[in-house]
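Assemble chain E onto chain U, guided by the hints.
Single-letter residue listing:
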Amino acid sequence: MSETRTIRFTLNGRSESVAIQPHWNLVELLHHFGLTGARESCGQGLCGVCTVLVDDVAVSGCLYLAVRVDGKKITTVEHLDEGGTLSPVQQAFIECGAFQCGFCTPGFVLMTHQLLARNPDPSDDEIRHYLSGNLCRCAAYPEIVEAVKLAAKLQKQAR
Amino acid sequence: MIPFDWVEPRSFAEAVASLDPEDPTVRPVAGGTALMLMMKAGVFTPTRLISLAQIEPHYSAITVEKNGALRIGAMATLSALEQSSAVAEHFPVITETLLTLSNVRVRNVACVGGALAHGDPHMDLPPLFAALGAKVLVRGPAGVREIDVDSLYAGYYETMLAKDELIAEVFVPALNGAKSAYMKCTSRSADDWPALGLAVRFEVEGHAHIRNPRLVVSAATEKVTRLTQAEDILKNAEADSVVLKRAGEAAAEEVTLLGDAHGSASYKRELLRVYLARAIRHALAGKSAQ
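Each protein sequence line maps, in turn, to chains U and E.
The opening residue of the first sequence carries number 1 in our numbering; numbering runs sequentially from there.
The opening residue of the second sequence carries number 1 in our numbering; numbering runs sequentially from there.
FYI, nobody ran anything at the bench for these hints, they're computed from the structure.
Treat the numbers as computed from the prediction; the structure is a model and nothing was measured.
Where a beta carbon is used, it is the ideal one built from N, C-alpha and C, also for glycine.
Hints are not guaranteed to be accurate.
[Unchecked claim] When the alpha-carbon atoms are kept at most 16 Å apart in a straight line, the in silico EDC-like pairs for lysine to aspartate or glutamate are as follows:
(1) E:Lys223 with E:Asp260
(2) E:Lys40 with U:Glu40
(3) E:Lys40 with U:Glu28
(4) U:Lys72 with U:Glu16
(5) E:Lys235 with E:Glu203
[Said to hold, decoys possible] Some residues of chain E that are not near chain U, with every Cβ distance over 10 Å (derived):
(6) Ile62
(7) Thr63
(8) Asn103
(9) Asp148
(10) Tyr156
(11) Tyr157
(12) Pro173
(13) Ala174
(14) His209
(15) Glu222
(16) Asp232
Next comes chain U alone, as it looks inside the complex (with noise of 0.2 Å):
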């Protein structure tokens, strides 16, 4: 039983193909690949610090397994800074000290992205809600919502 399965997949904009066990989740997968910004933490989908984007929804890395992605497009914080420059969410939290481990800031970074894409200009009340599934042990909460305000700002500044 549990044959290796090979699956083709697009990996911050390159094509990849590789041979995997099916119980490898998402994490394991980025690993292999030498992608660390995933990590997996708490394990059960609570804290986001696993979070991936597969075709532009954001997902926990630790409940998804990696055979599911056959196919799909995945995105990482790694490719956040490609070309070089910062994006306006990474830049804001920079800007407002929106952590201070950083363990925790790849999800809330990606999973800002996502709120953006979706709500160019969120409350607090909107941006605590959506992150309401990612925990910061240092608990950098109050600068962390200024950074989604001013990544906000930022975004619509460039267009």
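Using the frame of chain U, we list chain E on its own:
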């Protein structure tokens, strides 16, 4: 996790045929968010998973019919249901419930059929759909049958589904002006699994005369459970504070409440007593459906 085989049938019929009624280590998987937790905890070790991700796309459809009834394909994600403007218009209680169900990423992946078939009494959609009088359309090798969601559960993580049956669709009858609410109490953090879930649906005549109440408790009981004695008290009564108090007390007496990490049985009894009135009032004050 322990290795297993992964099968991706291309049709619903093929998926049903891939199931094995005799082997509990062969299981269907929709979004897989709940099953992954069981697999990671080692409480479920599959030999083969039948993925439903590649079945015909119409099993993900969400349709509000002309008469206001709702049909949800089993493979519709919770996010798709949350973001449906037709659902928000006709069933605001469903949209409101989804906003506090787990988090954005889980809702993006978890599917409605899976949430109903999993049998975990802590989930939010089963009590709500039970209160709304919803049915699931189930298909197995012998054909199609319907099961009322309020009788879908046999026990803790146990459903009336055979191991070679799959939920194809959920049918929710039109609200037709009926009031409805789902309230939960989480005792540790806002996004925790609930200590108590309570769903209500009733019609109102005049100011606050209650007709045809359906009250459903979850999370505090081993399975989704109708509160029939409390329903009897509310039936044709005016929902004043005396009646609501009596109904809350009847509810707290008529079911066996289970203590767990979210609260003791006696704490949950108190919650149920209080939340019953709260849920009725919330429904009375809530947005009317179309």
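May I ask which of the numbered hints given earlier this structure violates, with the numbers listed in increasing order? 8
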